[in-house]
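**Student:** With these hints in hand, go ahead and build the complete structure from the sequences.
The sequence shown lines up with residues 1 to 255 when you count with this note's numbering.
Keep in mind that the hints were calculated from the coordinates and are not lab data.
Heads up, a few of these hints could be off.
Unchecked claim - Below, computed lysine-lysine pairings styled on DSS-like, alpha-carbon distance capped at 27 Å:
1. K90 <-> K105
2. K209 <-> K168
3. K206 <-> K254
4. K190 <-> K209
5. K143 <-> K153
6. K143 <-> K206
7. K206 <-> K153
8. K90 <-> K69
9. K190 <-> K178
10. K209 <-> K90
11. K105 <-> K209
12. K143 <-> K254
13. K168 <-> K221
14. K168 <-> K206
15. K232 <-> K153
16. K82 <-> K105
17. K190 <-> K90
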Amino acid sequence: MIRAKNVPYELSSRGPSDPSLGGISLVFPVHNESFIIEQTLRNYIAELENRIPDFEVIVSEDGSTDDTKSVLERLSRELPIKLYMSDERKGYQQAVIDAISHATKPWLFIVDSDYQFAAIDFWRLEPLRREYDIILGMKLNRKDPLYRIILSKGYNFLLRLFLRVPYKDIDTGFRLIKREIANDIAPIVKHMSFFTAEFVIRAHYKGYKIIEVPVPHYARKIGSTTIFYISKLFMICLHQFIGILRLRNELKTKN
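**Tutor:** Below you can see the structure in the form of structure tokens.
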């Protein structure tokens, strides 16, 4: 198994990307982000389109109930995006898998669509493609509500305790992944509702080279994150804990 390590927090350049490292599919899973998705897409495309020689943008819309669909339809007539929409909610994992199935480049840059990571910080991850299979943007000075930070720290602690993985921000929404690895692992994620966490754990146990890179994190400018109501918190935590144990048992059997 390959342990993660941190790299210095610095931004040495803003491209252009080395063509020999292969093209990149920029992937956005989107659900109910009508107020921020236009800013997100415009900023990322402006930053990356002319600095990555082989580049595409894939938007996987997941049954939004606000105006996200109409915003995306309008943007698709103006911006160079490949848009795939769903009439019903399929869930984050399936939205990502659908996007992967349409990707054509050897690397995937999968980013949450709420613009809590700046487009320019892609360049903190990009040079590490020479050495690593998965590059995770670890939130620096996380700008989330306190309860979410506490829950995240507790969750990552349990993963380190029960699954012996070294990562500090395993469910990050800012990651660069080889497409062949995504095709290998994404379809078999099944135990944990936090898709990225189980994906990274499975990749870790398969021996892929993974690194965490500190990346600035920003508060949401518009909209709100999903609220965990106190009445549901116990069941959410219990479900996650059961998922951790099931994944541990499966990995023990295979190893």
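**Student:** Look at each hint and say if it fits the structure.
**Tutor:** Going down the list of hints, with the structure as the test:
Distance hint between K90 and K105 is fulfilled; the C-alpha atoms sit about 24 Å from each other, no more than 27 Å. A distance of roughly 16 Å separates the Cα atoms of K209 and K168; the hinted pair therefore holds under the 27 Å criterion. For the suggested pair K206 and K254, the alpha carbons sit about 10 Å apart, so the restraint of at most 27 Å is met. Distance hint between K190 and K209 is fulfilled; the C-alpha atoms sit about 22 Å from each other, no more than 27 Å.
Restraint check for K143 and K153: satisfied, since their Cα atoms lie roughly 14 Å apart, inside the 27 Å limit. Between the alpha carbons of K143 and K206 the distance comes to roughly 32 Å, so the proposed pair goes past 27 Å and is violated. About 25 Å separates the Cα atoms of K206 and K153, which keeps this hinted pair within 27 Å; it holds. Proximity of K90 to K69 is assessed by CA-CA distance (about 15 Å); at most 27 Å being required, the pair is judged to hold.
Between K190 and K178, the direct Cα distance comes to roughly 20 Å. Compliance with the 27 Å bound is thereby established for this hinted pair. The hinted pair formed by K209 and K90 fails the criterion: a straight-line CA distance of about 30 Å is larger than 27 Å. Only pairs whose Cα atoms come within 27 Å are accepted, and K105 paired with K209 is accepted, the gap being roughly 20 Å. A hinted pair counts as satisfied when its Cα atoms are at most 27 Å apart, and K143 with K254 does not qualify at roughly 38 Å.
Proximity of K168 to K221 is assessed by CA-CA distance (about 25 Å); at most 27 Å being required, the pair is judged to hold. Simply put, K168 and K206 have alpha-carbon atoms about 19 Å apart, close enough for the 27 Å limit, and the pair holds. For the given pair, K232 sits about 19 Å from K153 by alpha-carbon distance, which is consistent with the 27 Å threshold. With a C-alpha separation of about 13 Å, the suggested pairing of K82 with K105 holds against the 27 Å cut-off.
This hinted pair checks out: K190 and K90 have alpha carbons roughly 14 Å apart, not beyond 27 Å.
Going down the numbered hints, you'll see the structure goes against 6, 10, 12, while the others check out.
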